[in-house]
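Undergrad: Spelled out from the first residue to the last, the chains are:
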Amino acid sequence: MTTKQHSHGSVGNYILVALILGVITYFEFAIVEYPQAWLGQTWTLVLLAVLSIIKFVMVVMFFMHLKGDDRLYSGFFSSGMILAVLSFLAMIAMFILPRSMSYADAPMVQAEAAGVVPGEAADHGAGIDEATRGLIETDGRSRSAAAIADSPSPADRSLSVAAPQAANDASSYQVDTSAPAAADAAASDSQVAAEDAAEAAAAADEAAAQDEAGGAAAAEAPAPAAAAESAAVAWDEAQGLQVFTANCSACHQATGAGIPGAFPPLADHLGAVHEAGGREQLIRTLLFGLQGQIQVDGMSYNGFMPGWAQLDDASIANTLNHVIVNLGSGAPAGFTPYTAADVAAHRGDGLTPADVHALRAELALD
Amino acid sequence: MSAHVATSTAAQDPVTGGVATPAGFRSTRLPDVKLLMWVFLASDCMFFGSLIGTYLAYHNRSIVGPFPADVLDIPLTTVSSFVLLMSSFLMVLALHALRNNDIPKFRLWTLGVAVFGSIFLGFQVYEFVHFVNAGLSIHQNLFGTTFFILTGTHGIHVTVGVLWLLSILVASYRRPTSSKDAVYLEIAGLYWHFVDIVWIVIFTVVYLVEFV
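For the protein sequence lines, the chains are A and B, in the order given. Just so you know, we're using this note's numbering here: the first sequence kicks off at 858 and counts up by one. Just so you know, we're using this note's numbering here: the second sequence kicks off at 357 and counts up by one.
These aren't lab readings, by the way, just hints derived from the structure by calculation. Mixed in with the good hints, there may be bad ones.
Pulled a few chain B residues facing chain A out of the computed Cβ check, cut under 10 Å [as the list claims (entries may be wrong)]:
(1) 525
(2) 526
(3) 527
(4) 530
(5) 550
(6) 565
Below, a sample of chain A positions facing chain B; criterion: calculated Cβ distance under 7 Å [unchecked claim]:
(7) 924
(8) 927
(9) 930
(10) 1157
(11) 1158
(12) 1159
(13) 1209
(14) 1211
(15) 1216
Built from N, CA and C at the ideal position, the CB exists for glycine as well.
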């Protein structure tokens, strides 16, 4: 590195390189600020990538003097670059591929439509065969005994209640609000409702209308829910499943079982909160989030759930209905499905996740 | 020639205080410090590769705003990118001057690099404050988390570079400095240019592509 060694470049070359780098940077800016319609999105991206690579290579070649320097340096640096690109691709693959396998809407909705048990179909390994799933779930060597004990068993993950399962085929589902003792009967009878969902729903609507008119006409309706003396509330089951799958299942799992210690279970727990007088609390939690320490089923969770106010009222109502009615052992007696209006009433509450946590404490759940 | 350089610069070395290496055999025939720097940069490539990969893996997965298009400012970042590029230009001028034993210019350009680096950091601090005021904290959403981790890590690299260059500048006043010490400025330069090329990638991947 003596003064005579001028393979390193001259000031003139440096100025030229700096000029080119500056011009390229301006071009990149111009391409983005003044989009060229004729170029199209794909070619714009390609052009930006090429310009970026040119800048990268120019700095490495001429400013870092890798061009003309000992090849050992280039060897080290390029192997680092190759490993960087590989770890980059691995990262992308690790995150993107499992997501598209287990959370893409289409295969799951199709599985649901085909009558597959939701808990199984929507589970992480949508693309994994039963034998592999068995291996994953039973192999204790990679998990502690406690973790295995805490995990829901395969049996827990499937739904045991017939009613929601059968009603998956129906576009709407009626819940008996005044005759909880008849729930079991309704469960088996809802097979009938599922066979002719549209008519059943229409009949329920009709029954409700007649109730309002003062007539006790519900008994005439063919659907079991309509046998109730008071009005049955219909809700959009497909939307509930879809919104839950898209937004909630990543943390709380498709079965609503949660992940012990990390994400609290929703199945059955939401029903318990509702029973404890938390009907409004559940709406607030979805709208505004929840932050702070809570106890669920004897396990402590100290996390943060964001609010979901960006979802519309009906989506939030149907998601709550999905969790309470279709997950775990089903809705508690006397549960009235949420409606969009219920949610709308709390939109303006303006709470923080910590406020919601404080309100939760008033329920004396923990 | 390389072997000669390796032994002579390592033997007496006023800038860094003297790495006591015997003026003897080097199997690589290359200055150890420079080789070490390239190995470090190779590892840093993987570090930033993972961070950029993470940013992209979580891209468009934020559930609540602010979203990238709401807060990113292309004209502002173009200026700061340009400043960082030009600091790399000053870096080669500084090294060129030191190799030619032009100590005043070496000091001037080295100071210039540190100043340009600080301007870049100023832009970044302004940007971060603006984002936080717009509601984008590191816990707000996936964009906030991955963005601040990625650009924050880069900002820390720039900060280290500025401090390194300033320490070289200070050392040049405390000890006699000549072209023999160029390899120590050179490795600081390599680090600096590397930080620059990482930003070239971030500027395109995080900022420009967002608005295409």
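Undergrad: A separate judgement is required for each hint: does it hold in the structure or not?
TA: Hints versus structure:
Annotation: interface hint on residue 525 of chain B violated; nearest CB of chain A at approximately 19 Å, more than 10 Å. The criterion of a C-beta within 10 Å of any C-beta in chain A is not met by residue 526 of chain B, whose closest approach is roughly 22 Å, and the hint is violated. Given hint, residue 527 of chain B at the interface with chain A, is violated; its Cβ is 18 Å from that chain's nearest Cβ, farther than 10 Å. At about 22 Å, the closest approach between the beta carbon of residue 530 of chain B and any beta carbon in chain A exceeds 10 Å, and the interface hint on this residue is violated.
Hint status for residue 550 of chain B: holds, given a least beta-carbon distance of 7 Å to chain A, under 10 Å. Contact between residue 565 of chain B and chain A, as hinted, is supported at the beta carbon level, the nearest pair being about 6 Å apart and thus within 10 Å. The beta carbon of residue 924 of chain A comes no nearer than 13 Å to any beta carbon in chain B, farther than 7 Å, and the hint placing it at the interface is violated. Annotation: interface hint on residue 927 of chain A holds; nearest CB of chain B at approximately 6 Å, less than 7 Å.
Of the supplied interface hints, the one on residue 930 of chain A holds, with its beta-carbon coming within about 5 Å of a beta-carbon of chain B, less than 7 Å. For residue 1157 of chain A, the interface hint is violated, since its Cβ never comes within 7 Å of a Cβ in chain B; the closest pair sits about 21 Å apart. With its C-beta approaching chain B no nearer than about 17 Å, residue 1158 of chain A sits outside the 7 Å limit, and its interface hint is violated. A distance limit of 7 Å between C-beta atoms decides the matter here; for residue 1159 of chain A the minimum to chain B is near 14 Å, and the interface restraint is violated.
Proximity of residue 1209 of chain A to chain B is violated relative to the hint, the smallest CB-CB distance being about 13 Å (cut-off 7 Å). Interface hint at residue 1211 of chain A: violated, since its Cβ lies 13 Å from the closest Cβ of chain B, which is beyond the 7 Å cut-off. Among the interface hints, the one on residue 1216 of chain A is violated; its C-beta lies about 21 Å from the nearest C-beta in chain B, farther than the 7 Å criterion.
Taken one by one, the earlier hints fail for this structure at numbers 1, 2, 3, 4, 7, 10, 11, 12, 13, 14 and 15, listed in ascending order.
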